[in-house]
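**Q** Start from the sequences, fold in the hints, and give me the full structure.
There are 2 protein chains.
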Amino acid sequence: MEFDLIHRHFKTPFGPLARANADTVLLGIGDDCAALQISPGQNLFTSTDTLVEGVHFFSDDAPRTTGWKALACNLSDLAASGATPLGFTLNLSLPEVDETWLAGFSAGLLEVATRFNCPLVGGDTTSAGLNTLKTVSITVFGQAAASHRGFNRGHAKADEGIWVSGTPGLARLGLLLEYQKRGRLAECCRGAELQKVQALLAVLPEHLVRQAVSRLEMPVPRIELGLMLHGLASACLDLSDGLSGDLAHVLKASEVAAVLSQTSLESIWRHLWPEIDQHADVAGLLKTLIAQTLKGGDDFELCWTAHPRHRDAIQSLGAGLHCVGIIEQGSGLWLRTPGEERKRISGTSYNHFAESKN
Amino acid sequence: MEFDLIHRHFKTPFGPLARANADTVLLGIGDDCAALQISPGQNLFTSTDTLVEGVHFFSDDAPRTTGWKALACNLSDLAASGATPLGFTLNLSLPEVDETWLAGFSAGLLEVATRFNCPLVGGDTTSAGLNTLKTVSITVFGQAAASHRGFNRGHAKADEGIWVSGTPGLARLGLLLEYQKRGRLAECCRGAELQKVQALLAVLPEHLVRQAVSRLEMPVPRIELGLMLHGLASACLDLSDGLSGDLAHVLKASEVAAVLSQTSLESIWRHLWPEIDQHADVAGLLKTLIAQTLKGGDDFELCWTAHPRHRDAIQSLGAGLHCVGIIEQGSGLWLRTPGEERKRISGTSYNHFAESKN
Chain A
1 MEFDLIHRHF
11 KTPFGPLARA
21 NADTVLLGIG
31 DDCAALQISP
41 GQNLFTSTDT
51 LVEGVHFFSD
61 DAPRTTGWKA
71 LACNLSDLAA
81 SGATPLGFTL
91 NLSLPEVDET
101 WLAGFSAGLL
111 EVATRFNCPL
121 VGGDTTSAGL
131 NTLKTVSITV
141 FGQAAASHRG
151 FNRGHAKADE
161 GIWVSGTPGL
171 ARLGLLLEYQ
181 KRGRLAECCR
191 GAELQKVQAL
201 LAVLPEHLVR
211 QAVSRLEMPV
221 PRIELGLMLH
231 GLASACLDLS
241 DGLSGDLAHV
251 LKASEVAAVL
261 SQTSLESIWR
271 HLWPEIDQHA
281 DVAGLLKTLI
291 AQTLKGGDDF
301 ELCWTAHPRH
311 RDAIQSLGAG
321 LHCVGIIEQG
331 SGLWLRTPGE
341 ERKRISGTSY
351 NHFAESKN
Chain B
1001 MEFDLIHRHF
1011 KTPFGPLARA
1021 NADTVLLGIG
1031 DDCAALQISP
1041 GQNLFTSTDT
1051 LVEGVHFFSD
1061 DAPRTTGWKA
1071 LACNLSDLAA
1081 SGATPLGFTL
1091 NLSLPEVDET
1101 WLAGFSAGLL
1111 EVATRFNCPL
1121 VGGDTTSAGL
1131 NTLKTVSITV
1141 FGQAAASHRG
1151 FNRGHAKADE
1161 GIWVSGTPGL
1171 ARLGLLLEYQ
1181 KRGRLAECCR
1191 GAELQKVQAL
1201 LAVLPEHLVR
1211 QAVSRLEMPV
1221 PRIELGLMLH
1231 GLASACLDLS
1241 DGLSGDLAHV
1251 LKASEVAAVL
1261 SQTSLESIWR
1271 HLWPEIDQHA
1281 DVAGLLKTLI
1291 AQTLKGGDDF
1301 ELCWTAHPRH
1311 RDAIQSLGAG
1321 LHCVGIIEQG
1331 SGLWLRTPGE
1341 ERKRISGTSY
1351 NHFAESKN
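Protein sequence lines correspond, in order, to chains A and B.
Just so we're aligned, residue 1 is where the first sequence starts under my numbering, counting upward by one.
Just so we're aligned, residue 1001 is where the second sequence starts under my numbering, counting upward by one.
Among these hints, one or two may not hold up.
Claimed, not checked - Pulled a few chain B residues facing chain A out of the computed Cβ check, cut under 7 Å:
# : residue
1 : L1026
2 : D1031
3 : T1050
4 : V1055
5 : D1124
6 : T1135
What the hints assert, rightly or not - In silico DSBU-like cross-links for lysine-lysine, where the CA-CA straight-line distance does not exceed 30 Å:
#  : chain 1 : residue 1 : chain 2 : residue 2
7  : B       : K1252     : B       : K1157
8  : B       : K1252     : A       : K11
9  : A       : K252      : B       : K1011
10 : A       : K134      : A       : K11
11 : B       : K1287     : B       : K1196
12 : B       : K1196     : B       : K1343
13 : A       : K181      : A       : K287
14 : A       : K157      : B       : K1011
15 : B       : K1011     : A       : K134
16 : A       : K11       : B       : K1134
17 : A       : K343      : A       : K252
18 : B       : K1134     : A       : K134
19 : A       : K157      : A       : K287
20 : A       : K11       : B       : K1157
21 : A       : K196      : A       : K287
22 : B       : K1287     : B       : K1181
Unchecked claim - Below, a sample of chain B positions facing chain A; criterion: calculated Cβ distance under 7 Å:
#  : residue
23 : D1032
24 : I1038
25 : V1052
26 : R1153
By construction, these hints were calculated from the structure, which means they are not laboratory data.
Note that the structure is predicted; figures quoted are calculated from it, not measured.
Virtual Cβ for every residue (Gly too), placed ideally from N, Cα, C.
**A** Written out as structure tokens, the structure reads:
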């Protein structure tokens, strides 16, 4: 039965993509190992992530979005390393054979795999028995020129700009909306913060609600951007734990401080939500938006540091790339207010072992 | 907390092995991706496996043996492809932070990693909440000369010999002993088979009991053998589902039949258990041993086919390599008795979706 399942939902639908990449996928699903050809002068890049039902996705999420997200979040790690996708493996542990779920999951997975030309090359499927959680592990492989050793987190230096792509925090809004829909918003924020978040969600325009949910459910890995940042970015990572928590890794590894500009972060939100200025409490709404941006969100946008001389080159890469702060000597993460005041930001990002999901 | 855990049980103990392989591990644990250097003219080989508590290992198994087995069974896939290990990634999903289990698991994992020079290069850890099952996914990477595209399962041809290393079925005996110890033997075999297995286990000599349990708990991947089989083996795989089930994959992919020699299979058991001839029912015991050898067992020995002209070259590779049958035109798996009678063997190997563990 296992072989039938693998055939119907994985080997058959993913076959054409593997065959279209026959120059790199020498041996695919079905043998003990997959064999991949790395191009001459290229290094292998690999990353792996597990999604557990109830922790990383909701039990009632559409299987298509779970499939999409499972591969997209791994491809995002390749993006943050400036690598081109080569293929991926999939491990599925399921409580029982659920054909409807498998078909939807496979379809979402195939959409991302096709879009980023990333063939499925191997994996396994386990039935763990009733009352267990669906668990999805994906490992992606990519390549990049041997001269490019990735964007090391320890390579941020004082005076470099801190850049982000897109609108970090958007996926966090999507998550808050999903929790609110389920009447579980209090699991994400407490006390005064809960009231502020409720006030924010109450006035979010419909277009922002749609974008936030879409970003949460079907984030788009920034593969092309990662490739364009070769030679421009020093440190780089993808935003999966919120700006504060993710930047903290760079600051620790590079032994530097970061100062984020409140004005710059506000202008990103104002750009996406121009109507915000018509609200009486625009300052309060922006403050809540920035707090949530710092706190969490599986945005899978990139965040990188770059020498000031690269500013124009980066701006010319396309719209939606924002310089939101600067690296300084010292330690800690700081927010510079419009009045040039500095506030220390404490790390409040996602912690698997502290909260179930937020 | 997650980062502390990863540091204490993985980054710190596995650090020296990664640093000793700094020429291949360019970027290891801690960044978005690991970066690995594939040697010029080599292809990448990769394989992935998930072990789920209660399905692939017992809840009360020593964590050291679980760690050992998790990596060993993946390395065995590299062995079956004739590849040299480069590194591996690890995904852990745990019900809660269990320091004692993590320490033991990490120690077993490190033993195998060190023995086969296979550094840990990345991974993630998830707390899935109380009452969930421990789930371990490992993906291994290896390399082999670009001229070697693995031993394709579809490459077995008529008149080739069928070879096995070691004593396939030994791990199955180990499993039966473990189930017997837990009073759950009836979950592995039923009716008349259960009685025969009980009769067999009752007379197993102590040295065989020790070897069987050791093979089950700490199987040794045949990496060196896989490398030596380059140019000699046609089809090759590792025995993880029992001789019958695993050979069935080769027969299906190659569109051939296989005839196993009862005498050859008996002589492997007689070699390991010379005292068996002192038992009154030696024929019955051997029959039960062969039935179990065909039926299951995570032996992680290799099984391959080879042209008759390679017979001497294979024999000269070392002791413990046995020709146990021959590939023929046609279909199906057959057993040739000493009286030259042929019996069809039906596939009865492990099926994840049919039984919980056997």
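**Q** Run every hint past the structure and note whether it holds.
**A** Status of the hints after comparison with the structure:
Hint on B/L1026 holds. Least Cβ distance to chain A is approximately 5 Å, under the 7 Å limit. Nearest Cβ of chain A to the Cβ of B/D1031: about 6 Å, under the 7 Å cut. The hint holds. Below 7 Å, beta-carbon pairs count as interface contacts, and B/T1050 has one with chain A at about 4 Å; its hint therefore holds. The beta carbon of B/V1055 is positioned within 7 Å of a beta carbon in chain A (closest approach about 6 Å), and the interface hint is therefore held.
With 7 Å as the threshold, the beta carbon of B/D1124 comes within range of chain A, its nearest partner Cβ sitting at about 6 Å, so the hint holds. Because the closest C-beta pair between B/T1135 and chain A is about 5 Å apart, less than 7 Å, the hint holds. Between B/K1252 and B/K1157, the direct Cα distance comes to roughly 12 Å. Compliance with the 30 Å bound is thereby established for this hinted pair. Distance restraint check for B/K1252 and A/K11: the Cα-Cα separation of roughly 16 Å lies within the 30 Å cut-off, and the hinted pair is therefore satisfied.
For the suggested pair A/K252 and B/K1011, the alpha carbons sit about 16 Å apart, so the restraint of at most 30 Å is met. In summary, the hint linking A/K134 to A/K11 is supported, as the alpha carbons are separated by about 20 Å, within the 30 Å threshold. With a C-alpha separation of about 9 Å, the suggested pair B/K1287 and B/K1196 falls inside the 30 Å cut-off, and the hint holds. The straight-line distance between the Cα atoms of B/K1196 and B/K1343 is roughly 20 Å, inside the 30 Å bound, and the hint therefore holds.
With a CA separation close to 23 Å, the supplied pair A/K181 and A/K287 stays within the 30 Å bound. For a cut-off of 30 Å, the pair hint linking A/K157 to B/K1011 stands: about 25 Å separates their Cα positions. Pair hint B/K1011 plus A/K134 holds up; C-alpha atoms about 27 Å apart against a cutoff of 30 Å. Of the supplied pair hints, the one linking A/K11 and B/K1134 holds, its CA atoms being roughly 27 Å apart against a limit of 30 Å.
At most 30 Å may separate the alpha-carbon atoms for a hinted pair to count; A/K343 and A/K252 meet this at roughly 19 Å. With a C-alpha separation of about 12 Å, the suggested pair B/K1134 and A/K134 falls inside the 30 Å cut-off, and the hint holds. A threshold of 30 Å between alpha carbons decides the hint, and for A/K157 with A/K287 the separation of about 28 Å falls inside it, so the pair holds. About 25 Å separates the Cα atoms of A/K11 and B/K1157, which keeps this hinted pair within 30 Å; it holds.
Simply put, A/K196 and A/K287 have alpha-carbon atoms about 9 Å apart, close enough for the 30 Å limit, and the pair holds. A hinted pair counts as satisfied when its Cα atoms are at most 30 Å apart, and B/K1287 with B/K1181 qualifies at roughly 23 Å. Annotation: B/D1032 was flagged as interfacial toward chain A, and the flag holds, the nearest CB pair being 4 Å apart, inside 7 Å. The restraint placing B/I1038 at the interface with chain A holds, with a minimum CB-CB distance near 5 Å, inside the 7 Å limit.
Residue-level restraint check for B/V1052 holds (minimum Cβ-Cβ distance to chain A is 5 Å; threshold 7 Å). Proximity of B/R1153 to chain A holds as hinted, the smallest CB-CB distance being about 6 Å (cut-off 7 Å).
When each numbered hint is compared with the structure, no violation occurs for any of them.
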